[in-house]
Amino acid sequence: MNFAFSEEQTMMADVVRDALLRECGSAALRSRIGAVCSFDQDRWRKLLALGVAGVLVREEAGGLGLGGPDFVQIAEACGYACLPEPLVDHAGVVLPLLSACEGTAAGEALARGLEDGAFLALAHPQTPWVVAANAAQAVVLPGPDGLRLVPGADTVRVQQPGIDPLRQLFTVSAPPEAGVRIAGPQASRTLLARAAERGAVFTAAELVGLAQASVDLAVAYAKERHQFGRPIGANQAIKHHLASAQVKIAFARPVVHAAAALVPPEPGAPPEDMEARARISHALLAAGEAAELATRTALQVHGAMGYSWEVDVHLYLKRALSLTGRWGGPEYHRQRVAERVLSAPLGPDRLFPQPVRETDTTPMKRTA
Amino acid sequence: MDLRYTDDQLAFRAEVREWMAANVPDEPLPSFDGTRAGFEAHREWEARLNAGRWGMVTWPEAYGGRGLDLIRWLIFEEEYYAAGAPQRVNQNGIFLLGPTLIDYGTQAQKARFLPPMANGEEIWAQAWSEPQAGSDLAAVRAKAVRDGDSYLLSGHKIWSSRAVMADWAFGLFRTDPASERHKGLSLILFPLDAEGVRRQAIAQINGETGFAELFLDEVRVPVENRVGAEGEGWRICMATAGFERGLMLRSPARFQMTARRLVELYEANRETCGPAQRDAVAQAWMAAEAYALSVYATASRLIAGGGIGAEASLNKIFWSEMDIAMHETALAILGARAELLPTAPAAGDVGRWLDGYLFSLAGPIYAGTNDIQRNIIAERLLGLPRA
Chain A
-16 MNFAFSEEQT MMADVVRDAL LRECGSAALR SRIGAVCSFD QDRWRKLLAL
34 GVAGVLVREE AGGLGLGGPD FVQIAEACGY ACLPEPLVDH AGVVLPLLSA
84 CEGTAAGEAL ARGLEDGAFL ALAHPQTPWV VAANAAQAVV LPGPDGLRLV
134 PGADTVRVQQ PGIDPLRQLF TVSAPPEAGV RIAGPQASRT LLARAAERGA
184 VFTAAELVGL AQASVDLAVA YAKERHQFGR PIGANQAIKH HLASAQVKIA
234 FARPVVHAAA ALVPPEPGAP PEDMEARARI SHALLAAGEA AELATRTALQ
284 VHGAMGYSWE VDVHLYLKRA LSLTGRWGGP EYHRQRVAER VLSAPLGPDR
334 LFPQPVRETD TTPMKRTA
Chain B
255 MDLRYTDDQL AFRAEVREWM AANVPDEPLP SFDGTRAGFE AHREWEARLN
305 AGRWGMVTWP EAYGGRGLDL IRWLIFEEEY YAAGAPQRVN QNGIFLLGPT
355 LIDYGTQAQK ARFLPPMANG EEIWAQAWSE PQAGSDLAAV RAKAVRDGDS
405 YLLSGHKIWS SRAVMADWAF GLFRTDPASE RHKGLSLILF PLDAEGVRRQ
455 AIAQINGETG FAELFLDEVR VPVENRVGAE GEGWRICMAT AGFERGLMLR
505 SPARFQMTAR RLVELYEANR ETCGPAQRDA VAQAWMAAEA YALSVYATAS
555 RLIAGGGIGA EASLNKIFWS EMDIAMHETA LAILGARAEL LPTAPAAGDV
605 GRWLDGYLFS LAGPIYAGTN DIQRNIIAER LLGLPRA
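Those protein sequences? They're chains A and B, same order as listed. If you read the first sequence in our numbering, its first letter stands for residue -16, the second for the next number, and so on. If you read the second sequence in our numbering, its first letter stands for residue 255, the second for the next number, and so on.
Hints may contain errors.
[As the list claims (entries may be wrong)] Covered stretches of chain B, going by a simulated chain A footprint (3 or more residues, C-beta under 8 Å):
hint: 1; stretch: 255 to 268
hint: 2; stretch: 328 to 342
hint: 3; stretch: 445 to 457
hint: 4; stretch: 511 to 525
Because the hints were derived from the structure by calculation, they are not lab data. All C-beta atoms, glycine included, are put in the ideal place defined by N, C-alpha and C.
Just chain A, same shape as in the assembly (with noise of 0.2 Å):
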């Protein structure tokens, strides 16, 4: 037992934080407001020049192998960044269930993907606006016969214009018979099942990184703004508002990490038993929490200048509030962990459900 990241994994989400800082500032984030595409293929580029992309694929496949505890400070990176490409998603969902599907259409993109930085993006049925899809080079859309890998060329895209002005948003639909089957109806569904998992643990980590953005955002404004001769953080009701925010972050983080220690290595899976879904659950309905008190606080904090579009509190603000409505949305989770709760045994000897290790019957396996 040992709930702590080893070197090489903080090492990697530095390296990652440290490219952030430099492609990913505030003025570069504001420098592509109103672009025509809020994907940004140079920084896109710079970024999984870092190895990013395949941290989670197979290393058969080309990717690393690891497992969620290696990817979940990376993903709480781009959070804190609130980096506009959906760098998460990519390499947190899309390629590693790429990696699971059959055939060499999957294997091509999943290449592609790893190889020349193509952006995948995926329709998930819980996540139903594609975040710049308009950019993707193939889109996996999930119809009546399974799962179809489609070129973004051949897709129609629809931008439904929403609140977070660093992410496009679109519906993705394509004629039944484009691109390449890639997936069965049976597969697809467990594939989408652990996608979805796959995605709500790495989008909790996101929140949980935007919401320490956040406070430190604030943190660095009460410490500069002066009012009645003294700077603004020196008073309690800032300091309590800020120290609320930050208990709700310290007390989301672990549950996070603990979900992401529940995405094996692959072949393995996410585990499928109501403990495990019920930790991941709860992994973002604490993000969440932690994502609104924290961006409501810098709000605050920021008096009317946090509602201004000239400081960047409003960029997180608006980012918790997409992330937040993903992968099924509060209410959905809460009843995952109601149900936890209520039908499988509770006690402390209960904290840590195992991960799924692999083994001959898992259907999604393949032979290396």
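Based on these hints, arrange chain B on the given structure of chain A.
Okay, now just chain B, sitting in the frame of chain A:
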């Protein structure tokens, strides 16, 4: 990161579980803050625990412990609370003074004080606060005047938990009369039956006398009863406070078991509960689990050589607010029965939720008020300026 227990850890859990099953009293003991009989029953339980070498598993073997790491301490606590074992009457000793002595005490002090602490022979009270030194603890005025090989302790301490019936107390005294604030304070141990000690019980919100006022008039104690160097008391007490707010005082299993009882209460009253209660119960479970996960993460960090400082304040706020929320949820589920004391014929066994609720209300106050904790978080973790 590996969130699986090792085979050794699982075997340890089984060993604790087996011992608890064979030894935990069938009936809950009467409160240790109510009657002498209740207090002594808890003292006997401490002796029994210690006979099984379960008094304080993290302590070195030389002092009756097992020298175990914090993960095993957590496993022990989980089994302890899951078995419904009694509250620890000597928690001031074993969780606060004990670790302090292990870190700062002399060999002689450890040998003198730890074994009788572990077996409940000497129950400890904390004597820090004073009428004019509460949240502003550095305003301590009680003094220790050097007289040869002794100190003469004089002053007025208050809110001393367990002090009505305890045997010993550890207190903060001003050893340098010219000093101010955090300087010139020393941590000194004194027996509560010594000449010059007068104790006055204070009735709590629940009517019991869980704390006392202590009036000290030239209480003579040997210089060897000082822990750490003269004038180092503040630094040492803050380390103790770290244990208190941080890991030791409120182990996660306590709240996980409260959450479990709350779920059972909800199930028993399902017909009169609605979605609001369902959500509150699920929320209680999530909070208890989040606290446990956080403590496991902290324990892992400490085992790897890290420290716990102002982070302890995050814990204290979280568990105290969680405890109140859980009890409020229980009272909401109980509806009209919520106000009944355990002695009411119509109460059934619901009365202890009311006891627990009242006790939970103290949580944001003791061990440093949550308001002070928020200042600590803001200033030391977030770096905001002092007022």
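Evaluated hints:
Interface restraint, the stretch 255 to 268 of chain B with chain A: holds (8 residues with C-beta to C-beta distance below 8 Å; minimum three). As drawn, the stretch 328 to 342 of chain B meets chain A at 5 residues by the rule of a beta-carbon pair under 8 Å; at three or more, the given contact holds. Counting residues of the stretch 445 to 457 of chain B whose beta-carbon sits less than 8 Å from any beta-carbon of chain A gives 0, not enough to reach three: the coverage restraint is violated. Here the stretch 511 to 525 of chain B counts 6 residues with a CB under 8 Å from a CB of chain A, which clears the bar of 3, and the coverage holds.
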